[in-house]
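Line by line, the protein sequences are chains B and E.
Just so you know, the numbering used here puts 246 at position 234 of the first sequence, and the rest follows in order with no gaps.
Just so you know, the numbering used here puts 233 at position 222 of the second sequence, and the rest follows in order with no gaps.
Calculated from the structure, these hints are not laboratory results.
Virtual Cβ for every residue (Gly too), placed ideally from N, Cα, C.
Wrong hints could be hidden among the right ones.
DEER-style ranges, computed between Cβ atoms [as the list claims (entries may be wrong)]:
| hint | chain 1 | residue 1 | chain 2 | residue 2 | range |
| --- | --- | --- | --- | --- | --- |
| 1 | E | THR171 | B | ILE123 | 35 to 41 Å |
| 2 | E | ALA188 | B | PHE15 | 39 to 45 Å |
| 3 | B | ASN33 | E | VAL85 | 34 to 40 Å |
| 4 | B | VAL127 | E | GLU134 | 33 to 39 Å |
| 5 | B | LEU130 | E | SER153 | 41 to 47 Å |
| 6 | E | ARG17 | B | VAL149 | 55 to 61 Å |
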Amino acid sequence: MRFLRESFVVFRRQLRMNLRNPAWVIIGMMQPVLYLLLFGPLLKPLVQQLGATNAYTFFVPGMLAQLGIFGAFFAGFSLIGEWREGVIEAERVTPANRTALLAGRLWRDLIQLLVQALILVGLGYAMGMDAPLRGVVLGILLTLAIGGACAASSNALALTTKSEDVMAPIVNMVMMPVLLLSGILLPMTIGPSWLIRVSDFVPFRHIVDAIRAAFRDDFSSSSLLAGSLWAVSLLALSLWWGTSTFRKENP
Amino acid sequence: MIEARRLVQTFHAGRGKARREIRAVDEVDLDVAEGEVVGFLGPNGAGKTTTLRMLTTLLRPTSGTARVAGYDVVADSVEVRRRIGYVSQVGGAFSAARAGDEVMDHGMLYGRSRREVKARGKELFEQFQLDGLWDRMPKTMSGGQKRRLDIVMGLIHDPTLVFLDEPTTGLDPQARANLWQHIAELRTNRGATVFLTTHYLDEADALSDRIVIIDQGRIVASDTADNLKNEVAGDLIDLEVADVVHVPIAAETLRAVAEPPSHGIRGVEVDGTHVRARVRRAGRVVPGLLRNLDHDGIVLDAIEVHRPTLDDVFLTLTGRSLRDAEAGHRTSADGASGAGDAADHDSSGTPVLTGAE
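The whole structure should be built from the sequences, with the hints applied where relevant.
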């Protein structure tokens with residue numbers, strides 16, 4: 013109960029700050045929407061080569077994964093700003109649970125991600141996406157799982173580096189191969205075998221495949237199970253990293 | 012209220028073969044009684060903030076023990092946090108949030124109800140002359156207002172012990188004087204115990220019942236400002252002799268009453284027609300000294316008595332002037348920490364102890 017109360021106080025504060033300055037939320041949202049509007053139509057003639065029947069049923073899951081990974085990975089930058097202004101230290105000197113301090117921030121990131129995902133899915137339906145509700149719900153849940161994992165990792169990284177100058181290149185270094193090897197824009201299956209083998213080692217590729225399977229209503233697919241396991245594992249690992257960073261030196 | 016024994020904090024700097032251990036706080040013993048206002052004085056890099064961060068549970072001690080408000084800072088850190096207020100050097104309110112919201116959220120993290128925190132916050136805003144600023148963002152406030160807001164946040168849960176880390180750094184003289192008044196009232200009006208770090212000599216002098224001086228991670232003195240000045244440094248007598256021929260006799264006469272040369276005290280010094288020495292209490296010495304000089308036929312152009320400053324105390328205790336301390340820290344701390352060096356004087360012209368944090 014105390015944990016929930018404390019994480020809610022942090023969540024409400026974070027949400028208030030986001031609403032006060034929604035620029036980043038809008039910028040984060042615009043990118044996948046622009047992809048959907050400007051890149052989606054290019055996929056229509058290629059649908060059959062991609063092994064899909066509907067361009068948007070194929071493409072929206074990729075955009076959801078992009079939102080979950082890249083949007084959340086930037087969450088730590090705002091934490092550095094708070095740390096610089098003494099906010100983190102002020103929170104750490106209160107008796108509040110250390111995990112609640114992280115959880116409140118993650119709730120903020122997840123709510124933001126959920127709203128963005130709903131807008132994206134709504135837009136996808138408007139453009140002709142054909143996906144069952146249960147598949148969309150599962151796809152969004154998987155998106156929230158990787159979003160939570162990336163946000164927790166980003167916060168942990170932010171508290172470790174305490175510098176935008178150090179963090180930005182690290183995030184870029186991680187994001188670029190993830191973008192290219194997770195099949196967000198195009199399926200990895202159309203690539204050469206060596207590229208497919210390399211992408212097998214990228215957990216996000218399996219998660220993207222799982223979201224696509226969910227949107228196809230292919231619940232018997234092994235990729236759905238594998239991607240879900242990866243998403244849950246990454247979330248657990250990232251939560252552990254984030255929490256231990258918040259507790260470090262100051263349990 | 013505070014009881015620290017052999018408190019140690021070490022950091023590591025450098026990499027590979029250049030890696031070395033830095034003892035930021037070196038076996039510090041501290042005792043602070045309930046209701047006491049203690050000034051923790053030292054140059055930047057002396058170990059003030061590191062000590063304070065250990066006492067406020069923000070940093071786990073490398074070794075040693077500390078009990079704060081009756082609880083161990085490691086084993087009972089949550090209980091310690093419930094009872095202390097902490098105002099860090101950089102504050103704690105986010106510049107782009109509303110001041111009232113920041114105070115409310117901070118208070119609620121102590122388990123207080125929304126209504127309770129709001130009432131307390133409004134009351135503190137009034138006490139700290141922040142009326143009408145509840146909805147303002149800290150970034151639009153003056154330095155003094157922002158600092159008072161930080162203190163309000165530190166007091167929102169009615170702590171019995173308040174830690175203030177360099178509370179007036181960067182403020183103009185008027186804002187500093189105003190903040191001093193508020194800090195003094197913490198004890199008089201609220202009965203709070205206050206532990207404040209500062210590198211402003213006048214601040215420690217004006218606010219503290221007792222001054223603890225730390226240098227290079229070690230406590231070098233702990234007493235009232237007056238006792239430190241009297242016992243450690245002593246008053247400086249400066250005789251200006253009319254005839255340079257009489258300078259040796261004047262020096263001998265002064266030597267008879269002066270403090271003997273010791274660590275930091277140079278004994279009688281002669282500079283042209285000036286003869287200087289430190290004495291324990293000038294008021295008791297000067298009448299006899301004048302009689303003896305008169306008896307020896309020494310004519311003085313002037314006699315000046317200077318009360319010692321905490322700067323003098325630092326020199327006496329460490330054998331180094333504050334400028335030496337600064338230079339020493341600049342050399343030894345090179346590459347060991349990221350903080351910059353402070354200037355000898357801040358923007359308000361106030362003398363400060365300097366070095367590298």
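Now for the hints, and whether the structure bears them out:
no.: 1; hint: E:THR171 with B:ILE123: 35 to 41 Å; result: 38 Å, holds
no.: 2; hint: E:ALA188 with B:PHE15: 39 to 45 Å; result: 44 Å, holds
no.: 3; hint: B:ASN33 with E:VAL85: 34 to 40 Å; result: 39 Å, holds
no.: 4; hint: B:VAL127 with E:GLU134: 33 to 39 Å; result: 38 Å, holds
no.: 5; hint: B:LEU130 with E:SER153: 41 to 47 Å; result: 44 Å, holds
no.: 6; hint: E:ARG17 with B:VAL149: 55 to 61 Å; result: 59 Å, holds
Against the hints set out earlier in the document, no violation occurs for any number.
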